[in-house]
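Asks: Residue numbers (this note's numbering), protein chains in the order written: chain W, 1 to 292; chain Z, 293 to 452.
It should be emphasised that the hints constitute simulated quantities derived from the structure, not laboratory data.
Since we're looking at a predicted model, the values are computed, not measured.
Take these hints with a grain of salt, some might be off.
To be verified - Here are a few chain W residues that face chain Z, going by a calculated C-beta distance under 10 Å: (1) L32; (2) T60; (3) E63; (4) D133; (5) D139; (6) L182; (7) Q214; (8) Q216; (9) K227.
What the hints assert, rightly or not - Footprint (simulated), chain W over chain Z, 3 or more residues, beta carbon under 8 Å: (10) 354–361; (11) 376–390; (12) 414–425.
Positions of the beta carbon are idealized from the N, C-alpha and C atoms, including for glycine.
One letter stands for each residue in the lines below.
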Amino acid sequence: MTSKSGVISLALGLAMAGSLAEASDMETSGKLLLTGGVTSVEGAGGGGLASWATITGYGTRDEWGANAHATLVELPDYQFRAGGVSVGFHDRVEVSYTRQAFDTGETGAKLGLGQGFTFNQDVVGAKVRVLGDAVYAQDSWVPQVAVGVQWKKNDRDTLIKALGGKDDSGVDYYVAATKVLLNQSLVMSGALRATKANQTGLLGFGGGKNDDYQIQFEGSAGYLVSKRLLIGAEYRSKPDNLVGLKEDDWVDVFAAYAFNKNLSVTAAYADLGTIATFKDQRGLYLSIQAGF
Amino acid sequence: MSNLRTLIFATALAVAAPAVAEEKPVDPYTQSSANAGAIPFTGDQMLAAFHGRDGVARIVDDTLDRSVADPKLREIFHATDMERLRRTLKEQVVYLLGAPVAYTGRDMKTTHKDQGINTAEFNILVEHLQLAMDKEGVAYRYQNQLLAKLAPMKRDVVTR
Numbered sequence: 001m002t003s004k005s006g007v008i009s010l011a012l013g014l015a016m017a018g019s020l021a022e023a024s025d026m027e028t029s030g031k032l033l034l035t036g037g038v039t040s041v042e043g044a045g046g047g048g049l050a051s052w053a054t055i056t057g058y059g060t061r062d063e064w065g066a067n068a069h070a071t072l073v074e075l076p077d078y079q080f081r082a083g084g085v086s087v088g089f090h091d092r093v094e095v096s097y098t099r100q101a102f103d104t105g106e107t108g109a110k111l112g113l114g115q116g117f118t119f120n121q122d123v124v125g126a127k128v129r130v131l132g133d134a135v136y137a138q139d140s141w142v143p144q145v146a147v148g149v150q151w152k153k154n155d156r157d158t159l160i161k162a163l164g165g166k167d168d169s170g171v172d173y174y175v176a177a178t179k180v181l182l183n184q185s186l187v188m189s190g191a192l193r194a195t196k197a198n199q200t201g202l203l204g205f206g207g208g209k210n211d212d213y214q215i216q217f218e219g220s221a222g223y224l225v226s227k228r229l230l231i232g233a234e235y236r237s238k239p240d241n242l243v244g245l246k247e248d249d250w251v252d253v254f255a256a257y258a259f260n261k262n263l264s265v266t267a268a269y270a271d272l273g274t275i276a277t278f279k280d281q282r283g284l285y286l287s288i289q290a291g292f
Numbered sequence: 293m294s295n296l297r298t299l300i301f302a303t304a305l306a307v308a309a310p311a312v313a314e315e316k317p318v319d320p321y322t323q324s325s326a327n328a329g330a331i332p333f334t335g336d337q338m339l340a341a342f343h344g345r346d347g348v349a350r351i352v353d354d355t356l357d358r359s360v361a362d363p364k365l366r367e368i369f370h371a372t373d374m375e376r377l378r379r380t381l382k383e384q385v386v387y388l389l390g391a392p393v394a395y396t397g398r399d400m401k402t403t404h405k406d407q408g409i410n411t412a413e414f415n416i417l418v419e420h421l422q423l424a425m426d427k428e429g430v431a432y433r434y435q436n437q438l439l440a441k442l443a444p445m446k447r448d449v450v451t452r
């Protein structure tokens, strides 16, 4: 996917969201600012790298909400892009579609893949809130808990097999727990993910070192500076399945700013470690989200 | 002469009436500060952060003015005794912020049982409260501490 098609998919998503809003009598936009979180790299409502238990959009239990996002991570030797749409129903169910692109740019030539060689991956996600309330139940420590599934399909099957990956598609399962601690102005979230994915699936699934599901952890901690601004940090552990292509855990520090309920931007400094033999992949993460 | 006296008396009453807050009677209930629906803060830091009782009065009045003027909420206040609501809401907030006063209003469940408030309307009320606290200049972290007391009341306030 080129960045132009990323912009197009964002525009399409917005147009779709707009026409859906007109077609429906259901009310929208009832939730409080930022309580829907932003959109993660895999399209789920959450932080930037981590999935949360929140349901995307500003719909309450009587409403629905939707978001379109475009995300760019500029790394020293690669570029990561993602674009997609997500819809939340009744603050209960979330469905999402995101297309990710991992562009090797000039590094592609060094790796013998060719200049600008790009891995693409489709991610279809579904999430259901099963218990708890992240925002209102401030007299309880019980977090909002959701379970989710992400179907992932990569378009570089032949190369993935050549790299030692076992499959070009896979399914991740996760359980996430999220709580807003208003008394401390904090947002805390943790998730456990069962996955075989290499670099979230951009380098396929399974490998010579390991081809079984492993449980990985995703955590976010944020401080609400104002109604509009959340700053924080994230950590995401990852498998290390491929022989000779070491994979590292991911961390970032982020700031998410909501201009209003329709537009927010997230900027982060992300450390994605070693990716396909290139070390120290640290860079700027930028994501724009539009919805209701 | 007696007609004139009646007229003067009536005029005086009419002029005086707006100044005297007239609350409509409510069904009898047991008065208790527990009706405020949350355990108050201790110490005087929170009340100070809201600029004392005067600050709370300004915030509550502003919140209700914004809410009544909001087309999305107007229906809710259709049958509401605003005089009583203004007094009891000020009392409730001041009590929760730790002032040594009693809350004399009814509990949240009883008060809202016939209001038919949904989650979106509850959130709009919160947003008006946030704007009123912003206007009063209450620091955001203190705003959130009050909201932490009020948020669980959604269970009793939202009935549909």
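Asks: Each hint: holds or not?
Replies: Here is how each hint holds up against the structure:
no. : hint    : verdict
1   : L32     : holds, 6 Å
2   : T60     : holds, 4 Å
3   : E63     : holds, 6 Å
4   : D133    : holds, 8 Å
5   : D139    : holds, 4 Å
6   : L182    : holds, 4 Å
7   : Q214    : violated, 37 Å
8   : Q216    : violated, 32 Å
9   : K227    : holds, 6 Å
10  : 354–361 : violated (count 0)
11  : 376–390 : violated (count 0)
12  : 414–425 : holds (count 5)
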